[in-house]
Amino acid sequence: MNSGIEWLPFITSLKLATVTTIILLSIGIPVALILAYADFRGKVLAEIVVTLPMFLPPTVIGFYLLILFSPSSGLGKIVRELFGVELLFSFTGLVTASVIHSMPYMIQPLRDGLVSLGRSMLEASFTLGKSRISTLMHVMLPNIKTSLLTGVMMTFVHVMGEFGIVLMIGGSVPGETRVASIALYEKVEMMNYAEANIYAGILVSVSMAMLLIIYMLRNSKREVL
Amino acid sequence: MIDVKINKKLVSACGEMALNVGFSIDKGSFTALTGVSGSGKTTLLRCIAGLSDADSGFIRCGGEVWLDTLKKKKLPVRKRGIGFVFQDYALFPNMTLRRNIFYACNDIKKTDELIGMAELDGVADLYPEKLSSGQKQRCALLRAVSREPELLLLDEPFSALDADTKRLFHAELVKWRELFDFTVMMVSHDRAEVVRLADRVLKLDRGIIESDVTHKSGCYGRTAVINAAARRVS
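In the order they appear, the protein sequences are chains A and B. First residue of the first sequence: 102, per our numbering; consecutive thereafter. First residue of the second sequence: 10, per our numbering; consecutive thereafter.
Honestly, the hints are just simulated from the structure, not real lab data. None of these values were measured; they are calculated from a predicted model. In this text, a Cβ means the ideal position worked out from N, Cα and C, and glycines have one as well. Treat each hint with caution, since some may be false.
[To be verified] Pulled a few chain B residues facing chain A out of the computed Cβ check, cut under 7 Å: (1) 60; (2) 91; (3) 99.
[Claimed, not checked] Partial chain B-side listing against chain A, Cβ under 10 Å, derived: (4) 86; (5) 101; (6) 114; (7) 118; (8) 133.
Same shape as in the complex, but just chain B (with noise of 0.2 Å):
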């Protein structure tokens, strides 16, 4: 179980906002975070991570706490088990794509592993400037699966792709989360990628949860069949 409160002043191009947001959500699920742009989904994201601070909040992960901000606690970044796939992907330049995922595991057998399996095998040696998109993005998720994290954040990593890729990278975030049984949490604006890969849907207004919707068995492959709470809901 992951536990999120979080606070914080917000200037959006809306003006001033507060994103005030508390939620729980459970070990292995899948969490999309959806919204209008500027309504809080990214600073949210980064707060969980430690990348922003928050204003005042609480988060715990596990037994773990990561932030309380009443006690004035707050665990460093690389100490939190997270994995963070980033929209611009944030590769390594001085890096080959092995090298890339090496830096983050420290085990060159699974990471020749990892790039097999993604069948990655023909450009792992080259710099991330001489990959295509798709090829940085799924370097960058396997970069970040790669640690075995507890959480995996994604923000809008799939955003920059055709639709045909997008699905292809769909299936391979399933097999890693199949395969290192990590919770995600992913910002989208693309309601049918959210419909295929997540469990629940935290629909963020202005800095506030507008909607909490949970799909019975949101997972690729499967009709998300959203039940009938959510229904009414929506």
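Extracted from the complex, chain A is given alone in its bound form (with noise of 0.2 Å):
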């Protein structure tokens, strides 16, 4: 039975996934910590730009990074005038899409976490010499470890499950952009119910895994691992 299956659309869903998770970690702790502490005009739209992909349906923002990776304008035009990268149907432009199609899961937890964890920590690790980064690393990222791994999880499972802007932007080429849920839905469409199953399952039980590490961290009562 489980001779027809492939695994490279997960290998290649777990690629996306990682390195969306990995650069939306490396943006997404700078922007909350300035969303939770700064005090700028525009702030609002700030918030709101980063939140809305959370509210748009997939095809909407697929639709328009369609346009806007296109080699005949935008950026997709100066990524490949500079980089020779194209950014439809490759891998490069399915972590671009992702990075911005999964912002508000990576941001929001953090930006949560930092505001009820309060300013006071960080100014007062300000007043006992320490510079932004040792406040960052000893202070404000131990303690909100919850909202960090909420973050990373939560990212990696919606990655996972990508499936409206992969069919938009990225297509199905085989290691590149045929990720699971791509996979999946050419099984259905082959009337391969019984393959499909096995790769719907694998998906469920990957993100049911995550979920529920999500909700042990949760309910432990300290912010410790």
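Combine both chains into one complex, guided by the hints.
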């Protein structure tokens, strides 16, 4: 029964989720710090922009990215001329789109964790002569571990299940853009329900495991691993 | 000598007002900031620490300029030789009492010595959530003084404590002051506390200094003698 199962789409999905999560973690921490503690004109607009992908249908984001990534105009043209990289129907394009689409899943938990921690921790560390980096590494991040892990898990799970955007800008290039959800869709189209069932079962198991970890962490009393 | 000149627009419960103060304090002195809520005491303390920005102003501590808005100079908080005790103590929840102090001074021997002097050995390995209010307050004070700051800023540090515990901590503050010889500025609403500890009292009202009273020998354990000029003012 398992002879027809291709593992490449799962490997592509895992690769996409891992790369996107790492990129979003490095972007998300500074953005969340700014949104949580800085006061600036246009802050509400910045918060809306960061949260918007959560409320838009993936096909809408996919449509705009399709136009933006097009090699004849916009970002796609610039990236192709500068780096010789195609954004449409490529893994790079898929990562870029996933970073944009999954942004709120990383930034929101981080921002909320920092807000509930309070500004006084940050200020106390500065008054003790510590730099921003030292404060971030020794005070801020260790005290929002649960939020950090929630952000990482939610982003990972969300990217693992990415479908609409992949369909719009990635297509189904084996080893490049053919992720698990697309492979599942194709199996259903071919009416191969037995294999579709296995694909779906694996995706459900991964998501369940991640969610279980999130809830276990949320229910733990202390913000300690 | 610490020279302070601060101008900052504030929004209080009574509407908009301007914090507009200028004063100098002697090295090693203990100055209390008093006044009703919303008069600008905490903002003044935060501006001196560099935690809040003044619209315009000048701060010099010893020979070092901390703030000069005319020259667009602002020394970062971490580079000012200050200790700050927050009203909510702001202890780091991920660190034990010992780690909180070690994080400040980076010297494990000194950390253990200070903990021993404060007789906090028994709770040194507890996290803040397990400490009583009094222990949290002492940890916050110890953490701030462990860096041997030039200027210690206290924002109503004893407000959550009962009278007996307060007196105990006043004595502790005096002990650290004698040991490290720092200048102190403390926000307080407690008149007895102010008389007991401070040798100068600046009373703020709607952002300006309403009175500036110097005690002849404001010191814990001795009766503060208010000088004649101050008596006339009062």
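> For which of the previously enumerated hints does the structure constitute a violation, in increasing order of number?
Replying inline: Those not satisfied are hints 7 and 8.
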